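Undergrad: If you read the sequences in order, they're chains Y, C and L.
Taking our numbering, the leading residue of the first sequence gets 1, the next gets one more, and so forth.
Taking our numbering, the leading residue of the second sequence gets 397, the next gets one more, and so forth.
Taking our numbering, the leading residue of the third sequence gets 500, the next gets one more, and so forth.
The set of hints was computed from the structure by calculation and includes no laboratory data.
Predicted, not measured: the structure shown is a model, and the values here were computed from it.
Think of the CB as a built atom: it goes at the ideal place given N, C-alpha and C, for glycine as much as any other residue.
Accuracy of the hints is not assured; some may be wrong.
With a straight-line Cα cutoff of 27 Å, these simulated DSSO-like cross-link-like pairs (lysine-lysine) come out [said to hold, decoys possible]:
1) L:K634 <-> C:K484
2) Y:K142 <-> C:K484
3) C:K454 <-> L:K614
4) L:K614 <-> C:K484
5) Y:K73 <-> Y:K59
6) Y:K63 <-> Y:K73
7) Y:K142 <-> Y:K63
8) C:K484 <-> C:K498
9) Y:K73 <-> Y:K142
10) Y:K10 <-> Y:K333
11) C:K454 <-> L:K634
Stretches of chain C that chain L covers, calculated by requiring three or more beta carbons in the stretch to come under 8 Å of a beta carbon on chain L [as the list claims (entries may be wrong)]:
12) 404-415
13) 424-431
14) 447-460
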Amino acid sequence: MNFLLLSLIKAAVIAFVLLTTLAYLQWIERKVIGHIQLRVGPYRVGPHGLLQPLADVVKLITKEGVLPSHVNKFFYLLAPFIAVVLALISIAVIPFGPQITIGPVTTWMQLTDLNIGILFVLAVSSVGVYGVALGGWASNNKYSLLGGLRSSAQMISYELPLALAIAAPLLLANTLSFREMVDYQSGYWLGFIPRWNVFPEIVGFCIFVIAGFAETNRVPFDLPEAENELVAGFHTEYSSMSFAAFFMAEYANMVTVTAVATLLFLGGWQPPFPEPYSNFIPIIIFVLGGLIAVFHGLHPARRMDKFTLPATGLVFLGIAALFGISFLVPVLKTILMALFWFCGKIGLLLFLFIWVRGTLPRFRYDQLMRFAWIVLFPLAMVNLLATGLVVALTSK
Amino acid sequence: MPTSVPISWYLILSAILFGLGVAGFIYRRNIITVFMSIELMLNAVNLTFITFSYTLKKVDGHIFSFFVMVVAAAEAAVGLAIILTVFKNRETLMIDDISSMKY
Amino acid sequence: MTALIFLIFAGIAVFCGISLVAQTHPIASALSLIGVMGSLALLYLQLGGEFIAAAQMIVYAGAIMVLFVFVIMLLNAGAEATSRQIPLLNRYLGMLLLAAFLGLISFIIQAMLPKTEGVVFGAFMGGTAAAIGRKLFTVYLLPFEVTSVLILIAILGAIVLARREV
Chain Y
1 MNFLLLSLIK AAVIAFVLLT TLAYLQWIER KVIGHIQLRV GPYRVGPHGL LQPLADVVKL
61 ITKEGVLPSH VNKFFYLLAP FIAVVLALIS IAVIPFGPQI TIGPVTTWMQ LTDLNIGILF
121 VLAVSSVGVY GVALGGWASN NKYSLLGGLR SSAQMISYEL PLALAIAAPL LLANTLSFRE
181 MVDYQSGYWL GFIPRWNVFP EIVGFCIFVI AGFAETNRVP FDLPEAENEL VAGFHTEYSS
241 MSFAAFFMAE YANMVTVTAV ATLLFLGGWQ PPFPEPYSNF IPIIIFVLGG LIAVFHGLHP
301 ARRMDKFTLP ATGLVFLGIA ALFGISFLVP VLKTILMALF WFCGKIGLLL FLFIWVRGTL
361 PRFRYDQLMR FAWIVLFPLA MVNLLATGLV VALTSK
Chain C
397 MPTSVPISWY LILSAILFGL GVAGFIYRRN IITVFMSIEL MLNAVNLTFI TFSYTLKKVD
457 GHIFSFFVMV VAAAEAAVGL AIILTVFKNR ETLMIDDISS MKY
Chain L
500 MTALIFLIFA GIAVFCGISL VAQTHPIASA LSLIGVMGSL ALLYLQLGGE FIAAAQMIVY
560 AGAIMVLFVF VIMLLNAGAE ATSRQIPLLN RYLGMLLLAA FLGLISFIIQ AMLPKTEGVV
620 FGAFMGGTAA AIGRKLFTVY LLPFEVTSVL ILIAILGAIV LARREV
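All chains should be modelled from the sequences, with the hints used to inform the complete structure.
TA: Here it is as structure tokens:
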């Protein structure tokens, strides 16, 4: 019973945090893209548009769910469910931190550990294409059908380099479990270079990230939903919550891809510096951020900044104080440090996703296919062969 | 209800799925659905392999079903290419209409 | 618990199998087949085949069936014509005979199979990726290499067939 209760608590926490993150990820994306294009992004709802996700959610829920008369009803309603369920399910095997002991309970910061965790994520993501393909097909609309077709072709093509890029670190670490993968990457070369897979596997990492862009249908590979040629492709006919489901699925896929990249290549929750130094970095970052915000709040450029900036600064200082307190409580320190480094790495990769969206134009369809089959696939193959050769020569 | 599942249940399930596959193969007229019925039969056979692998406590059955998957993949690639070509030449997918080699 | 999980997923598999045969639209059939594959993958897990369950989802449901769905969508294959020249009596008689045949097979399996202990989850966990890989590259090396040639032939065949200028 204890196991069930623990799992329920963990599932509830992870679901709550994940869904909030997904909503705010969209806010962050709009903000970052806005600043890249010299706009301010959402600004009206709440200070700096901070309540915008809430407003969006209310809007999407209260909208009428339109069921066009020409669609195939069953599949039309099924498709967004498939998309969102399969996108959210892979979070279950992602570990966020090491083993912790709170009072009598010892548990991992992870919903469940499978010893085929990496294969599980691959399996779920490979089935995830059905949501998009079915949605496009069931809408019974030329543009949506084209979007669905493109999506399935693209997903099949980019799954190969993705899987081959994943296989290389698997060869190094000799495991399929995320936990053991992270354990393998602990420690430092020469005392200061972290033993992350990204250093020996830099080619694999680049291939993984590029294929990840394609798997999540993001710019520059967002052909399935190209706004200006396919009028948003597979979700043209969708409205209200079914549209929100597709949207959520896309962001959840992004989180999954970045989390897997972090776990496989960037050392998961392992800090980039040896232990005593790395503990001070979050404090320094948050104290600096808080002080800057407070300073700007004392010299406000706009009227509202007089309140919002000091408040933000105080929150930052509070987080810094929390990190400071955690030096006295070992459990808290373990949790906070793991979360800080893991979320920091994921955040950086997510920023990369958004940055690329704000920078690059879209590929043409034939370029997309040629790139997958002529560049990425052979490159991933050679990378895998080289890794295998090195592993075979160095292992006893 | 028994706590453990008898081996025979798995085999019966496999037999039922195989029978359904045969029925679909004979009954359906769409060439793609016929093809999918074959895949259903292959899946049923895989279940038998895995079940006997469990009974014998050996991993060989898994490897056989792995080979079945590989063969199914190859078959799907060639088969669907054939279907595409047939559709390009005949504009139909109904196997009743593709009967010029019948007599 | 094992029996309950078996019954649930066996039920889903049989239901989806019937749906595959009974649906007139190829997309519905394809989705039913994916349902069968998913529930079979769970049964494989129950039988200790964790690698083969993952392979089932990745290779079968994730690649082969996507190809099927892709072709169905590409050809925009509609539902089969309903006015088929099969008399109603034959159809129901066929169903009855199929059910009788399957019942007979089930009875024979139940009666002939030597009594062994039942399946309990966790009694056999040999189907790990490591175990399968070791076997595949030692005992079954030749078949493995032959399959790679087979796949090469299949690729060539598919390219030749799908070429634009024939």
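Undergrad: Look at each hint and say if it fits the structure.
TA: Hints, verified against the model:
1. Between K634 (chain L) and K484 (chain C) the CA atoms are separated by roughly 44 Å; this puts the pair beyond 27 Å, and the hint is violated.
2. Between K142 (chain Y) and K484 (chain C) the alpha-carbon distance is near 20 Å, which keeps this suggested pair within the 27 Å criterion.
3. Restraint check: the Cα-Cα separation between K454 (chain C) and K614 (chain L) comes to about 19 Å, which is no more than 27 Å; the hinted pair holds.
4. Pair hint K614 (chain L) plus K484 (chain C) does not hold up; C-alpha atoms about 54 Å apart against a cutoff of 27 Å.
5. Under the criterion of a C-alpha separation no larger than 27 Å, the hint pairing K73 (chain Y) with K59 (chain Y) is consistent with the structure, at around 24 Å.
6. For the suggested pair K63 (chain Y) and K73 (chain Y), the alpha carbons sit about 19 Å apart, so the restraint of at most 27 Å is met.
7. Proximity of K142 (chain Y) to K63 (chain Y) is assessed by CA-CA distance (about 25 Å); at most 27 Å being required, the pair is judged to hold.
8. Using a Cα cut-off of 27 Å, the hinted pair K484 (chain C) and K498 (chain C) holds, with the two alpha carbons roughly 20 Å apart.
9. Straight-line distance between C-alpha atoms of K73 (chain Y) and K142 (chain Y) comes to about 17 Å, which keeps the hinted pair within the 27 Å bound.
10. Between the alpha carbons of K10 (chain Y) and K333 (chain Y) the distance comes to roughly 19 Å, so the proposed pair stays at or under 27 Å and holds.
11. A hinted pair counts as satisfied when its Cα atoms are at most 27 Å apart, and K454 (chain C) with K634 (chain L) qualifies at roughly 10 Å.
12. Evaluation of the coverage hint for the segment 404-415 of chain C: fulfilled, as 10 residues show C-beta separations to chain L shorter than 8 Å, against a requirement of three.
13. Under a criterion of three residues with beta carbons nearer than 8 Å to beta carbons of chain L, the stated coverage of the segment 424-431 of chain C is upheld, 6 such residues being counted.
14. By the rule of at least three residues with a Cβ nearer than 8 Å to a Cβ of chain L, the coverage given for the segment 447-460 of chain C holds, with 10 such residues.
Hint violations for this structure: numbers 1, 4, all remaining hints satisfied.
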